[in-house]
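Asker: Chain V is already provided as a structure; the job is to place chain X on it using the hints.
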Amino acid sequence: EPEVTQTPSHQVTQMGQEVILRCVPISNHLYFYWYRQILGQKVEFLVSFYNNEISEKSEIFDDQFSVERPDGSNFTLKIRSTKLEDSAMYFCASRAGTGIPVAYEQYFGPGTRLTVT
Amino acid sequence: DAKTTQPPSMDCAEGRAANLPCNHSTISGNEYVYWYRQIHSQGPQYIIHGLKNNETNEMASLIITEDRKSSTLILPHATLRDTAVYYCIVRVSGAGSYQLTFGKGTKLSVIP
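Protein chains in written order, with our numbering: chain V, 1 to 117; chain X, 118 to 229.
Pulled out of the complex, with its shape left as it was, chain V reads as follows (with noise of 0.2 angstroms):
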């Protein structure tokens, strides 16, 4: 069965790096999103992006995120500058969004466990 997949599955840095989270999406989905979960704290949407553009964002993804999708595989979330408040579960998911009715659940992926030191 086709899942989304995110490497690394743990990632360390230091206040004030950059990171870069990689998602591998469902091949023929359309739509892919941004999550992030801080411990013991709720699932929260960052971005959306649909035929390469950013389709909707949070007010939490503010100028230190970027998305984009280099080739037709991989969705990236960049954060330039991170803050200890970054630490947080990063889950990728996407959606078909075609079909007869159209699909519009969402299939996650695993999550990138980032920590910010």
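Read the hints as simulated data drawn from the structure, not as lab findings. Treat the hints loosely; a few may be bogus.
Okay, derived cross-link-like pairs now, DSS-like style, lysine-lysine, Cα gap no bigger than 27 angstroms in a straight line [to be verified]:
1) X:Lys224 to X:Lys169
2) X:Lys224 to V:Lys42
3) V:Lys42 to X:Lys221
Answerer: Just chain X now, with coordinates in the frame of chain V:
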């Protein structure tokens, strides 16, 4: 999107049916009910969704009341692996990017 209310926690004996309720009294006609779950710190997992008819798949059944103000997710024979946080999410279909807004969900503990 309509707000949902779920009990914070529930227990279920292994092998028995787990019935997880969700209240969405302000749901509108074009909003679907989605259920996801999160096992420990894994990524959320899609379970099932519906509009007004009852739905069943290999994982669960979804019963939506006739007035659509509440629904119940049924895991017919709960196993220890079903221990997770279950999220009921109401979402408009037909517009937007369909990002999900997660609440606190119901923590289901399946007990041997």
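Asker: Please flag the earlier hints that this structure goes against, numbers listed from lowest up.
Answerer: none
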